[in-house]
Amino acid sequence: MVGLSSGEKHFIRGGISQDLRSDGRQRLDYRPISVEVGIIPQANGSARVRLGATDVIASIKAELGKPNPLQPDKGKVSIFVDCSPTAAPKFEGRGGEELSSELSVALQRCLLGGKSGAGAGIDLSSLTIVEGKICWDLYVDALVVSSDGNLLDALATAIKVALSNTGIPKVTVDLGTSPDDQPEVDVSEEEFLQFDTSAVPVIVTVTKVGRHYVVDATSEEESQMSSAVSASVNRHGQICGMTKRGGAGLDSSVILDMISVAKHVSEHLFSVLDSEIAAAEAAANS
Amino acid sequence: MEFVNPLTGFRLDGRRPNEMRHIRGEIGVVANADGSAMFEMGNTKVIAAVYGPREVQNKSQQLSNQALVQCEYSMANFSTGDRMRRPKGDRRSTEISLVIRQSLEASVLTHLMPRSQIDIFVQVLQADGGTRSACINAATMALADAGIPMCDLVTSCSAGYLCTTPLLDLNYVEDSAGGPDVTVGLLAKMDKVTLLQMDAKLPMDIFENVMQLAIEGCKAVAQYIHEVLLENTKQLESRRGK
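Quick mapping for you: the protein sequence lines, in order, are chains H and F. Just so you know, my numbering puts 44 at position 44 of the first sequence, and the rest follows in order with no gaps. Just so you know, my numbering puts 1042 at position 42 of the second sequence, and the rest follows in order with no gaps.
No lab work stands behind these hints: they were computed from the structure. Treat the hints with care, since some could be wrong.
Calculated lysine to any residue pairs in the SDA-like style (CA-CA distance at most 20 Å, straight line) [claimed, not checked]: (1) Lys1088(F) x Ser104(H); (2) Lys90(H) x Ser104(H); (3) Lys170(H) x Val187(H); (4) Lys90(H) x Asp1090(F); (5) Lys1088(F) x Gly95(H); (6) Lys9(H) x Ser22(H); (7) Lys76(H) x Ser198(H); (8) Lys1088(F) x Glu97(H); (9) Lys90(H) x Asn1058(F); (10) Lys90(H) x Ser1093(F).
Using the sequences plus the hints, can you model the full thing?
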């Protein structure tokens, strides 16, 4: 990104403190979200989300695998984020690895719950086929094509939309004669079960610039931030995960305030996403 | 396997032997880049972004009399049918990056931009055969979108030879059949070949036919790209209010 002059920095900060940002939004407004589903035909589910100039693609692939012996009744989900060099020249070669791993871990923390698998936004027990032997492995691959700030929110949105577009093939299981036999599994090509995404949370990043908070910061606004708190909120208004970025220390009352702002904004975001997903599915099916 | 039906002459996806897949190109898909384009050839879909001319990042590589052109090719994890975790910098990616760079460098007027760097990044979203051709075509459009001076459009297309028939624009199934695969990169108006690669073996006279078929494909792509760029320029002109 080209550097900002001190005049531009002053303009951004001043605009935020007067509730009129550089693109005309108010502090708690999201940029227009545009959603497409089913763009990767060979994946089980896929979505492309555009948040202003930020453009991300998420794809979900389901493969048969063996469950973790410590959690035999749950499937496995792994999330990988890749920052494409098309988004910024600094991502060429291995330059994007640091940001990719930071985003992958933040998404895992928000969507997948604790080490025991408890409290995951995605219901892992719906992914078992034969307890202890066969389960579905969901590979969530996200690609950042173009970056203009607020990558975490865009990625979480893309994953949520892709999950709502995901169809897990129906399987018929033949258990075999003895309990030690490896069961025969027949994966249907025709029938699919739609994934239940009612519990999948969204992530809202609240960025502190000066004394005010903004939601959905562009990369220019992010360059002026002192710190940012990303909270993952589900449909019932419960907090599912949290990440604080940025070096500046925050008072605990400020953090609680930012979380409640995130919760408030997430309600609007859920309703926007629901209508966008419905429109995108309708467009894909027509 | 019957790649060309002996009765009807159709290929596995219903095309005739000298028919290309449906192509689609779009400019300006990555807002942050100086120039960008998305190019589809059938189910193969790639995005190219160009950053430059800009200051050279690594001063030891700076060239005093011309621009430095660098290219990176990467495939998304979900681009192929089987999901595969791709390490950055594996040999195939490095080779294709080199191939794209060399084909495009032949056309970019690098002497007009000394001591600068032009970065071309290509990202494959869906791979169904002919990825390097789609990448070169997308990169040409992205360079045009960035306003980088070029002497000609570089376009690329592949052709093969299966069931004693030359086939234009192989998809993944036809490519993995084990027959020869000739990829040609062409400077369209000047009618000069900048890239020529082939694997497997072909008798010389058949090779000439197959290469000629690929060159025809390149010219058809160039025609299409020319129309897209012209349409884009007309829109820019109307937005300027002239």
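Quick rundown of the hints versus the structure:
no., hint, verdict
1, Lys1088(F) x Ser104(H), "holds (17 Å)"
2, Lys90(H) x Ser104(H), "holds (18 Å)"
3, Lys170(H) x Val187(H), "holds (6 Å)"
4, Lys90(H) x Asp1090(F), "holds (19 Å)"
5, Lys1088(F) x Gly95(H), "holds (10 Å)"
6, Lys9(H) x Ser22(H), "holds (11 Å)"
7, Lys76(H) x Ser198(H), "holds (19 Å)"
8, Lys1088(F) x Glu97(H), "holds (10 Å)"
9, Lys90(H) x Asn1058(F), "holds (13 Å)"
10, Lys90(H) x Ser1093(F), "holds (18 Å)"
In summary, this structure violates none of the numbered hints.
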